[in-house]
Amino acid sequence: MDADEVRAKLTGAGAPGILSVDPFPGVAARVRFSPDSAAPLFPIVRDALGFPHLSTVGGIDWVERYEVFYLLWSDTAKTYLLLSADLDAKAPHIETASSTWPSANWHEREAWELVGIGFDHHPDLRHLLMPDGYDFHPLQRAFKLHEPEELEVKVRHV
Amino acid sequence: MSDMWINMGPQHPMTHGLWNLRVHIDGEMILGVDPEMGYLHRGIEKISEDRHYNEVITLMDRTCYVAGMAWEHLYIQAAEKALGLEPPERAEWIRMMSEEFQRLASHIMWYAAFVQDLGLMSPFLYGMRDRDLILDLFQSYTGGRLTYEYMRVGGVRNDLPVGFNDRARKVLDWLEPRLVEYDRLCMGSDIFRRRCDDLGILKAADCVKHGVTGPMLRSAGSKRDIRKDRPYSRYAQVDFDVATAESADVTGRYLVRMEEMRQSIRILRQTLDWLDHHPGPVLADRLPRWLGAPYAPIGREAYLLKRNYPKGIGLSAIEEPHGEACAYVVNEGGEHPYRVKFRSPVFANLSAASQYLVGYHVADIPPIMGSVDVCVGEVDR
Numbered sequence: 001m002d003a004d005e006v007r008a009k010l011t012g013a014g015a016p017g018i019l020s021v022d023p024f025p026g027v028a029a030r031v032r033f034s035p036d037s038a039a040p041l042f043p044i045v046r047d048a049l050g051f052p053h054l055s056t057v058g059g060i061d062w063v064e065r066y067e068v069f070y071l072l073w074s075d076t077a078k079t080y081l082l083l084s085a086d087l088d089a090k091a092p093h094i095e096t097a098s099s100t101w102p103s104a105n106w107h108e109r110e111a112w113e114l115v116g117i118g119f120d121h122h123p124d125l126r127h128l129l130m131p132d133g134y135d136f137h138p139l140q141r142a143f144k145l146h147e148p149e150e151l152e153v154k155v156r157h158v
Numbered sequence: 001m002s003d004m005w006i007n008m009g010p011q012h013p014m015t016h017g018l019w020n021l022r023v024h025i026d027g028e029m030i031l032g033v034d035p036e037m038g039y040l041h042r043g044i045e046k047i048s049e050d051r052h053y054n055e056v057i058t059l060m061d062r063t064c065y066v067a068g069m070a071w072e073h074l075y076i077q078a079a080e081k082a083l084g085l086e087p088p089e090r091a092e093w094i095r096m097m098s099e100e101f102q103r104l105a106s107h108i109m110w111y112a113a114f115v116q117d118l119g120l121m122s123p124f125l126y127g128m129r130d131r132d133l134i135l136d137l138f139q140s141y142t143g144g145r146l147t148y149e150y151m152r153v154g155g156v157r158n159d160l161p162v163g164f165n166d167r168a169r170k171v172l173d174w175l176e177p178r179l180v181e182y183d184r185l186c187m188g189s190d191i192f193r194r195r196c197d198d199l200g201i202l203k204a205a206d207c208v209k210h211g212v213t214g215p216m217l218r219s220a221g222s223k224r225d226i227r228k229d230r231p232y233s234r235y236a237q238v239d240f241d242v243a244t245a246e247s248a249d250v251t252g253r254y255l256v257r258m259e260e261m262r263q264s265i266r267i268l269r270q271t272l273d274w275l276d277h278h279p280g281p282v283l284a285d286r287l288p289r290w291l292g293a294p295y296a297p298i299g300r301e302a303y304l305l306k307r308n309y310p311k312g313i314g315l316s317a318i319e320e321p322h323g324e325a326c327a328y329v330v331n332e333g334g335e336h337p338y339r340v341k342f343r344s345p346v347f348a349n350l351s352a353a354s355q356y357l358v359g360y361h362v363a364d365i366p367p368i369m370g371s372v373d374v375c376v377g378e379v380d381r
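If you read the sequences in order, they're chains A and B. According to the numbering used here, the first sequence holds residues 1 to 158 in order. According to the numbering used here, the second sequence holds residues 1 to 381 in order.
I should point out that these hints are in silico values taken from the structure, not numbers from a laboratory. Predicted model, so just to flag it, every value in this text is computed and none were measured. C-beta atoms are modelled at their ideal positions from N, C-alpha and C, and glycine is treated no differently. Treat the hints loosely; a few may be bogus.
To be verified - Sample of chain A residues at the chain B side, in silico, Cβ under 8 Å: (1) I18; (2) V27; (3) L54; (4) T56; (5) G58; (6) I60; (7) V63; (8) D75; (9) Y80; (10) N105; (11) W106; (12) L139.
As the list claims (entries may be wrong) - Simulated restraints on C-beta separations: (13) A:D2 x B:R269: 29 to 39 Å; (14) A:D2 x B:Q237: 22 to 32 Å; (15) B:E335 x A:A89: 21 to 31 Å; (16) B:S189 x A:D36: 53 to 63 Å; (17) A:K90 x B:Q237: 47 to 57 Å; (18) B:V180 x A:D36: 51 to 61 Å; (19) B:L125 x A:P23: 45 to 55 Å; (20) B:A205 x A:D132: 32 to 42 Å; (21) B:P231 x A:F143: 36 to 46 Å; (22) B:R269 x A:D75: 24 to 34 Å; (23) A:D120 x B:P10: 28 to 38 Å.
As the list claims (entries may be wrong) - Calculated pairs, BS3-like style, for lysine-lysine (alpha carbon to alpha carbon, straight line, at most 25 Å): (24) A:K78 x B:K46; (25) A:K144 x B:K203; (26) B:K209 x B:K223; (27) B:K209 x A:K9; (28) B:K46 x A:K90; (29) B:K170 x A:K78; (30) B:K223 x B:K203; (31) B:K311 x B:K46; (32) B:K81 x A:K90; (33) B:K209 x A:K78; (34) B:K203 x A:K78; (35) A:K144 x B:K46; (36) B:K209 x B:K228.
All chains should be built: construct the whole structure from the sequences, respecting the hints.
Written out as structure tokens, the structure reads:
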């Protein structure tokens, strides 16, 4: 399966909100879509394109925008497919994929707490790796890591 | 009826790591489960954004501490694609060999821990002893027994020592009959069969729905193995079969892992034969020559890699001992990866816990979770 075939199949199934379908190394194609059409698009990708296995959901903070990507696997075509959508930098959010692929549940919980992307209508959006009440999103670029030597260590003499 | 929630973990022999399984029970029946993760979260993805490409390798060994080589291999492939580098042929074969030895070591470790959960003590000691032979081999060419820091962007750190291939063959010759003995100890034991048959059933369709991969998926009859479906490294050039079972239960997962060990030995014999006849460089030429010096500090090597590589995104997927692992490395031209994202197979397998635990008894939890082969390091990252 290559990018042309993916494009043809998506058009044939009447998939909404497709912005581009490009070749991408290691996967059949990278499909960029607009986040508003996520809810009707996901079942089409699963059934019409034949990608029933969702490997992972991840988020990237590009400072001026957010990106959320979905890595899918097709057992019939033996290939991966990458879906990606650009989200608004102020309040990034997108419809949950867990109603289409139940395996998205934990991946979205992780992307929500670490990257700060909201998933609408997620059945169980709780903290997964971080403690409850943890208000930061460590994988955002604004969250700076400090190596120990950069920190000013104050030794308290008693 | 009085139902209640109990905690199995974070300190419980069943967990094999640090996590908490909250179980909703009614008497002895399991009504629901809620795994609580994060006790081992070290922020590996975040730390990677602050390190040079080669420095991330140190973290990879700690991602899954029983399958360090597999995770190094996963990351290295993605990083090389992101940077546009090609390793030499011999390095690819050494990496494949390392991954297969790691699969053997990981499965033997699983066998030892799993069978001990069922109360059989001797297989535990047998397993731990035989795994040490593989760790000795790792030590002979990487210097490490658990955390290796062996692979490098553009190849591997050093070539195999003289006489390694023969030593490795001796270990394989020793292991092969041992696997038969392992099998007799378990499949010949009535206690083992009674505790494992028809437990924790998860059919192939449910596995796919919930993202479950690896031996759990193959025990349900699926032939999905990334080494076959989407061959990476040099897996297309070796001969092996995908291990499957039909029962989709704990015994099925046991049978799949046992068969996988036999297939690993098959792959290893072919790999060692290839390595016998094909000497050559193990680090790419485009890198500074002493990037591969065996004792150069890892941070300094990585500093030399600082060049203006074109931007790129690397995506790799491997069949890790636990299942499908993916890495997504974004290179924005800087010294550090812009973003690194890992897909851990155990993460997905655990997220489906309610699918294979509900409806069984509390006493069934150790064998079922044992058959999942939990490695918390790679779940929490």
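Legend entry - Violated hints, by number in ascending order, as checked against the structure: 1, 7, 24, 25, 29, 32
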